[in-house]
Amino acid sequence: MKNVLSILLLFIAFSCGKAQTKQEQEPPIKVEEKTSYYLIRHAEKDRTVDTNNPDLLKKGQERAQKWAEYFKTNGITFDAVYSTNYKRTKQTATPTAKQNKLDLIIYKPFKINLHEFKAKTKGQTVLIVGHSDTTPKFVNDLIGEDKYAPINDRVNSNLFVVTITGTEITSELLNIEHYKL
Numbered sequence: 107m108k109n110v111l112s113i114l115l116l117f118i119a120f121s122c123g124k125a126q127t128k129q130e131q132e133p134p135i136k137v138e139e140k141t142s143y144y145l146i147r148h149a150e151k152d153r154t155v156d157t158n159n160p161d162l163l164k165k166g167q168e169r170a171q172k173w174a175e176y177f178k179t180n181g182i183t184f185d186a187v188y189s190t191n192y193k194r195t196k197q198t199a200t201p202t203a204k205q206n207k208l209d210l211i212i213y214k215p216f217k218i219n220l221h222e223f224k225a226k227t228k229g230q231t232v233l234i235v236g237h238s239d240t241t242p243k244f245v246n247d248l249i250g251e252d253k254y255a256p257i258n259d260r261v262n263s264n265l266f267v268v269t270i271t272g273t274e275i276t277s278e279l280l281n282i283e284h285y286k287l
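Under the numbering used here, think of the first position of the sequence shown as 107, with each following residue one higher.
Among these hints, one or two may not hold up.
Pair by pair, the computed Cβ-Cβ distance ranges are [what the hints assert, rightly or not]:
#1 228 / 157: 19 to 29 Å
#2 161 / 140: 29 to 39 Å
#3 274 / 152: 34 to 44 Å
#4 281 / 252: 35 to 45 Å
#5 185 / 220: 13 to 23 Å
Here are the simulated lysine-lysine pairs, DSSO-like style, with alpha carbons at most 30 Å apart [as the list claims (entries may be wrong)]:
#6 164 / 140
#7 253 / 140
#8 178 / 164
#9 140 / 172
Just so you know, these hints were derived from the structure itself, not from any lab.
All figures in this text were calculated on a predicted structure; none of them were measured in a lab.
All C-beta atoms in this analysis are idealised placements derived from N, C-alpha and C, irrespective of residue type, glycine included.
The whole structure should be built from the sequences, with the hints applied where relevant.
So, in structure tokens, the structure goes:
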């Protein structure tokens, strides 16, 4: 009886040791970081002034506030907010930046180093405010294909969403005019 009990105890101890060793040998599950980029064009600008740096119209100021409300309502919080160095883009980005307690980060769309930008923003949720030509170009650069054309100059309600998880890149274009912007 003692021998049977001893053999049984040895078997149990050996089995537990093997199970623990097997668990230790399994590689840990690797979770890829998700990076989300939300890109919009500036809101409606004042076209009656003779300058390349006009302010937003009242309608544009309202749209800028509505963008902030849209993101908040949809549970989207940002780690960074980027804007070109123009009044209209900064005025569009500011309500969302303030809502997220962030300072605007000024970028130059034709001089940005995409590799450095993606490395710096990896794992973050980022809002990027640009122009009718620079916004779709930035999206195309992020996704690595020429998918989106310049935005019609009278359209201010497009929202591009680019998500990068590991090597998987997805993009979508939403027109949220129906959100009463």
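For each hint, the structure was consulted:
no.: 1; hint: 228 / 157: 19 to 29 Å; in the structure: violated (37 Å)
no.: 2; hint: 161 / 140: 29 to 39 Å; in the structure: holds (36 Å)
no.: 3; hint: 274 / 152: 34 to 44 Å; in the structure: holds (41 Å)
no.: 4; hint: 281 / 252: 35 to 45 Å; in the structure: violated (20 Å)
no.: 5; hint: 185 / 220: 13 to 23 Å; in the structure: holds (18 Å)
no.: 6; hint: 164 / 140; in the structure: violated (36 Å)
no.: 7; hint: 253 / 140; in the structure: holds (22 Å)
no.: 8; hint: 178 / 164; in the structure: holds (21 Å)
no.: 9; hint: 140 / 172; in the structure: holds (26 Å)
Of the hints listed earlier, those the structure fails to meet are numbers 1, 4, 6, in rising order.
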